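Modelling step: build the complete structure from the supplied sequences, incorporating the hints.
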Amino acid sequence: MAAVISAANLARTFQTKAGPVDAVRGVDLTVHEGEILGFLGPNGAGKTTTLRMLTTLLKPTGGSATVAGHDLVTDPAGVRRASGYVAQSGGVDPGISVREELVTQARFYRLSRADAAARAGELARDLDLTGLLDRKTGALSGGQRRRLDIAMALTHRPKVLFLDEPTTGLDPGSRADLWDLVRRLRDEHGTTVFLTTHYLDEADALADRLVIVDGGAVAAEGTPGALKLRYGGSLDATLQDTFLAVTGRAPAPTDDAPVAV
Amino acid sequence: MVLHDTALVYGRYLRQSLRSRFAMLFGALTPLLYLLFFGPLLTGLPLGRTGSSWQILVPGLLLQLGLFGALFAGFTIIMEGAQGVVERMRVTPVSRLALLLGRVLRDATTFVFQAVLLVLAALVMGLRAPLAGILIGFGFVALLTLSLASLSYAMGMKVRTPQEFGPLINAVSMPSMLLSGLMLPMSLAPTWLDVLSHFVPFRYLVDAIRDAYVGHYTSTHMLYGVLVAVGFAAVSVTTGTRVFRTAGA
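Keeping their order, the protein sequence lines are chains A and B.
Take the first sequence: its letters are residues 1 to 261, numbered as in UniProt numbering.
Take the second sequence: its letters are residues 1 to 249, numbered as in UniProt numbering.
These are computed hints drawn from the structure, not numbers from a lab.
This one's a predicted model, so the numbers in the text were calculated from it and none came from an experiment.
Yeah, the Cβ is synthetic: ideal placement off N, Cα and C, and Gly gets one too.
Hints are not guaranteed to be accurate.
As the list claims (entries may be wrong) - Over the 10 Å line for every Cβ pair with chain B, so calculated as not near, a few chain A residues:
(1) SER64
(2) GLY91
(3) GLU221
Unchecked claim - Computed footprint of chain A on chain B, listed as stretches where at least three residues anywhere in the stretch have a Cβ under 8 Å from a Cβ of chain A:
(4) 5-18
(5) 73-86
(6) 90-102
Unchecked claim - Cross-link-like lysine-lysine pairs, in silico, BS3-like; alpha carbons within 27 Å at most:
(7) LYS159(A) <-> LYS59(A)
(8) LYS158(B) <-> LYS59(A)
(9) LYS17(A) <-> LYS59(A)
(10) LYS17(A) <-> LYS158(B)
Here it is, written out as structure tokens:
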């Protein structure tokens with residue numbers, strides 16, 4: 001399979017008043033076409049920083065990467081055309097209607113007025129937003145908002161979709177719907193999906209392959225099964241135990257003392 | 001492409017402004033209060049310049065409108081940053097210059113509209129000035145708000161919290177207003193204050209509009225005013241666009 005994303009020693013150092021902080025120390029990464037990749041790691045491991053570099057929001061301070069054949073640094077416009085991104089916070093204005101956001105987004109991708117309106121209708125049908133087109137985005141439920149965020153990112157039929165903790169804050173039903181949607185995108189359109197998550201059941205259920213980062217570098221990678229076997233000791237190990245073994249964090253000690261309330 | 005994108009961004013934010021018409025009128029309130037309750041105090045005073053007191057005060061109020069209004073434009077980008085709207089736009093191929101220009105052109109439109117309301121009220125109060133001079137005044141308001149809003153967005157992208165942003169803007173706007181002689185001309189000032197005020201760019205703008213309001217279109221004040229306004233706009237828009245290009249660092 002061809003590599004859609006490849007990163008070599010990708011790094012980002014932030015200059016702060018307290019001195020330089022290496023948020024990402026050197027990430028090597030390959031994501032194949034049509035793959036659903038789960039990008040895991042503890043808080044502060046550098047997941048979002050990596051994602052922000054791969055989506056051209058942040059310039060790397062070291063290393064290099066290409067997305068769909070476009071170099072992050074020399075061809076950011078090419079990267080933008082080939083990829084869609086859903087940030088943790090989403091990215092719609094609560095005072096604007098679903099239709100206006102979808103149409104404006106399509107126009108940002110240089111579609112003509114008529115094509116933009118048609119594409120908005122198509123996306124709304126695809127993501128079950130048709131009845132909500134004239135509603136303000138602030139009036140949507142969490143699950144509807146997420147579907148809109150994803151619709152916005154799919155406007156230009158990107159080869160790669162980046163999702164930053166897409167199901168955080170969703171109820172179980174909406175989460176299951178979102179998983180189905182991600183699988184459908186891959187199966188029907190061959191979209192490569194790069195997603196970060198803190199929910200290990202989500203990674204287990206959805207991702208073909210996992211990359212676990214810790215301390216700004218890749219600590220382990222492989223299929224969920226292979227990682228369980230290697231780090232958890234058996235195929236029956238939970239991904240939770242595997243994750244803790246990889247990142248070297250012991251499970252929270254069971255304390256007999258009552259928790260202060 | 002820049003034009004197409006600018007028109008798109010401009011349209012989006014203009015529609016947003018039109019949805020909150022009340023806020024649009026509200027922005028003109030402070031200068032309007034100065035006009036009503038401060039303006040009449042000046043009518044009998046010797047102000048050291050040609051023209052009626054209204055021809056001296058109204059140009060100052062126009063710039064005050066721009067100064068206090070446009071400098072706060074960055075608040076909206078802080079809110080949009082929290083909503084993720086800025087990043088969502090920055091991952092599309094939309095031109096970075098357009099992301100800024102569309103916004104600041106909307107601001108310029110809003111403030112010129114408020115300036116028109118202010119001048120209409122001033123005409124009722126007793127302002128008499130040549131039409132060309134009044135139009136030149138609006139031109140300066142447009143350039144000034146374009147510049148200040150650009151800088152404000154740049155600061156908003158850097159600062160990121162309203163708690164830091166508010167005090168910062170106040171620290172800039174109050175001294176700028178006092179030192180540029182917006183309320184009373186600096187011709188009344190002692191030498192040291194007059195000299196100091198020449199380091200504040202708005203000084204040149206207000207002098208130029210005051211000349212325009214008495215029909216002096218080819219004075220040195222006008223020349224300096226135009227040069228400073230255009231130069232300031234170029235520097236500000238460049239700064240703002242750079243921040244939109246690299247923000248997130």
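Here's how the hints hold up against the structure:
1. Look at SER64(A): its CB is around 18 Å from the nearest CB on chain B, clear of 10 Å, so calling it non-interface holds up.
2. Remark: the non-interface label on GLY91(A) conflicts with the geometry, its nearest Cβ contact in chain B lying 3 Å away (cut-off 10 Å).
3. Here GLU221(A) stays apart from chain B, with its beta-carbon at least about 25 Å from theirs, past the 10 Å limit.
4. Residues of the region 5-18 of chain B lying with their CB closer than 8 Å to a CB of chain A number 5, which satisfies the three-residue condition for coverage.
5. Evaluation of the coverage hint for the region 73-86 of chain B: fulfilled, as 5 residues show C-beta separations to chain A shorter than 8 Å, against a requirement of three.
6. Counting residues of the region 90-102 of chain B whose CB lies closer than 8 Å to any CB of chain A gives 5, which reaches the minimum of 3, so the coverage claim holds.
7. Simply put, LYS159(A) and LYS59(A) have alpha-carbon atoms about 21 Å apart, close enough for the 27 Å limit, and the pair holds.
8. About 16 Å separates the Cα atoms of LYS158(B) and LYS59(A), which keeps this hinted pair within 27 Å; it holds.
9. Taken as a hint, the LYS17(A) and LYS59(A) pair is honoured in the structure, with Cα atoms around 20 Å apart against an allowance of 27 Å.
10. At most 27 Å may separate the alpha-carbon atoms for a hinted pair to count; LYS17(A) and LYS158(B) meet this at roughly 15 Å.
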